[in-house]
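Q: Chain by chain, the residues run as shown.
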Amino acid sequence: MSQRPPVPSFDDDASDRKLCLICSKGSLDMAYPGLILANAALGEGIETHLFFTFWGFEIINKKTMANLQFSPVGNPATHMPTAVSGLPGMQAMATRMMRQQIAALDVPPVPEMLDMIHAAGGHLWACRMSADMMKLTRDDLYPGVEGIISATDFIELSAGAQTLFI
Amino acid sequence: MTLATIAGRSVHVNDEGFLTEFDEWDEALAAELAANIGITLTDEHLAVLRFLRADYRAQGETPTLRRVATVGGFDTKQLFVLFPKKPAKKMSYVAGVPKPVGCV
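As they're listed, the protein sequences go chains A and B.
For the first sequence, the positions run 2 to 167 when the working numbering is used.
For the second sequence, the positions run 4 to 107 when the working numbering is used.
Just chain A, with the same shape it has in the complex:
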């Protein structure tokens, strides 16, 4: 028997959810968790902020963002003997392999992930102390970065948000 169809609840009204991701690592493998989660949250209509601090600057530094590296050293999850993981050329090889695996899943490189997040309305922030330490200014950073802000500024803007430190 035919009946009135169910209509999906897209929960537009529950849109007060807010997500803040603190990206503190500068390796290829640790850049993606924050970027993937941010992109997913934006696709769900969630207000999303990324705060890049310390080594996380590698992700938004124009000079390094397209060239993040993965090191197998000190990472037991690679199941590679420690003495081998530190051999010359190992990092380059491991990085190349990881890039290929990421591309094979049709997941874009870091700069393009930032473009997607920016286009989807995500907010990108850089840490003041890290910028000062590394002597970087807005001109050195991905153009979508909205500002270089202090820890206090971040605490203010993350009020009421779910915050993840990566």
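Possibly wrong hints are sitting among the right ones.
[Said to hold, decoys possible] Lysine to any residue pairs mimicking SDA-like chemistry, simulated, CA-CA at most 20 Å apart:
(1) A:K26 x A:V146
(2) B:K102 x A:S10
(3) B:K80 x A:D133
(4) B:K102 x A:D107
(5) B:K80 x A:G145
(6) B:K88 x A:E48
(7) B:K88 x A:A162
(8) A:K19 x A:L165
(9) B:K80 x A:V108
(10) A:K19 x B:F83
(11) B:K102 x A:E45
(12) A:K64 x A:G161
(13) B:K102 x A:D12
(14) B:K88 x A:S10
(15) B:K88 x A:I150
(16) B:K102 x A:A41
(17) B:K88 x A:G122
(18) B:K80 x A:Y143
(19) A:K63 x A:D133
(20) B:K80 x A:P109
(21) B:K102 x A:I47
(22) B:K88 x A:D141
(23) B:K88 x A:H124
(24) B:K80 x A:I47
(25) B:K88 x A:A84
(26) B:K80 x A:P144
(27) B:K102 x A:H124
(28) B:K80 x A:G122
The set of hints was computed from the structure by calculation and includes no laboratory data.
It should be emphasised that the depicted structure is a prediction, and the values quoted were computed from it without experimental measurement.
Position chain B relative to chain A; hints supplied.
A: Frame of chain A, contents of chain B only:
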């Protein structure tokens, strides 16, 4: 799976209301699905829906938002305007294809 009446005819939908039979969809139906979620269909919406359906037919799965942008050539910002807040889910609902499963 349930039989439901949309735009004056019987179609198959799942518990959430997504169409489950690809061939039961047409643009008149899309207009009603869109209206269900507060969207008034325009030619711009329809162009996106046509891409979604063509890509689903060719690939066997619903394109992700990124694929709609990179392969379909639609602007991501504009997709958020056309299908506010949750573009990937909303456009697949109106296009009569399953929700995308990819992470990106």
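Q: None of the hints should be skipped; say for each whether it holds.
A: Now for the hints, and whether the structure bears them out:
{"no.": "1", "hint": "A:K26 x A:V146", "verdict": "holds (17 Å)"}
{"no.": "2", "hint": "B:K102 x A:S10", "verdict": "holds (13 Å)"}
{"no.": "3", "hint": "B:K80 x A:D133", "verdict": "violated (33 Å)"}
{"no.": "4", "hint": "B:K102 x A:D107", "verdict": "holds (18 Å)"}
{"no.": "5", "hint": "B:K80 x A:G145", "verdict": "holds (14 Å)"}
{"no.": "6", "hint": "B:K88 x A:E48", "verdict": "holds (10 Å)"}
{"no.": "7", "hint": "B:K88 x A:A162", "verdict": "holds (18 Å)"}
{"no.": "8", "hint": "A:K19 x A:L165", "verdict": "holds (11 Å)"}
{"no.": "9", "hint": "B:K80 x A:V108", "verdict": "holds (19 Å)"}
{"no.": "10", "hint": "A:K19 x B:F83", "verdict": "holds (17 Å)"}
{"no.": "11", "hint": "B:K102 x A:E45", "verdict": "holds (12 Å)"}
{"no.": "12", "hint": "A:K64 x A:G161", "verdict": "violated (34 Å)"}
{"no.": "13", "hint": "B:K102 x A:D12", "verdict": "holds (16 Å)"}
{"no.": "14", "hint": "B:K88 x A:S10", "verdict": "holds (13 Å)"}
{"no.": "15", "hint": "B:K88 x A:I150", "verdict": "violated (27 Å)"}
{"no.": "16", "hint": "B:K102 x A:A41", "verdict": "holds (14 Å)"}
{"no.": "17", "hint": "B:K88 x A:G122", "verdict": "holds (10 Å)"}
{"no.": "18", "hint": "B:K80 x A:Y143", "verdict": "holds (18 Å)"}
{"no.": "19", "hint": "A:K63 x A:D133", "verdict": "holds (16 Å)"}
{"no.": "20", "hint": "B:K80 x A:P109", "verdict": "holds (18 Å)"}
{"no.": "21", "hint": "B:K102 x A:I47", "verdict": "holds (18 Å)"}
{"no.": "22", "hint": "B:K88 x A:D141", "verdict": "violated (31 Å)"}
{"no.": "23", "hint": "B:K88 x A:H124", "verdict": "holds (15 Å)"}
{"no.": "24", "hint": "B:K80 x A:I47", "verdict": "holds (15 Å)"}
{"no.": "25", "hint": "B:K88 x A:A84", "verdict": "violated (49 Å)"}
{"no.": "26", "hint": "B:K80 x A:P144", "verdict": "holds (17 Å)"}
{"no.": "27", "hint": "B:K102 x A:H124", "verdict": "violated (26 Å)"}
{"no.": "28", "hint": "B:K80 x A:G122", "verdict": "holds (8 Å)"}
The structure fails to meet hints 3, 12, 15, 22, 25, 27 from the earlier list, while all remaining hints are met.
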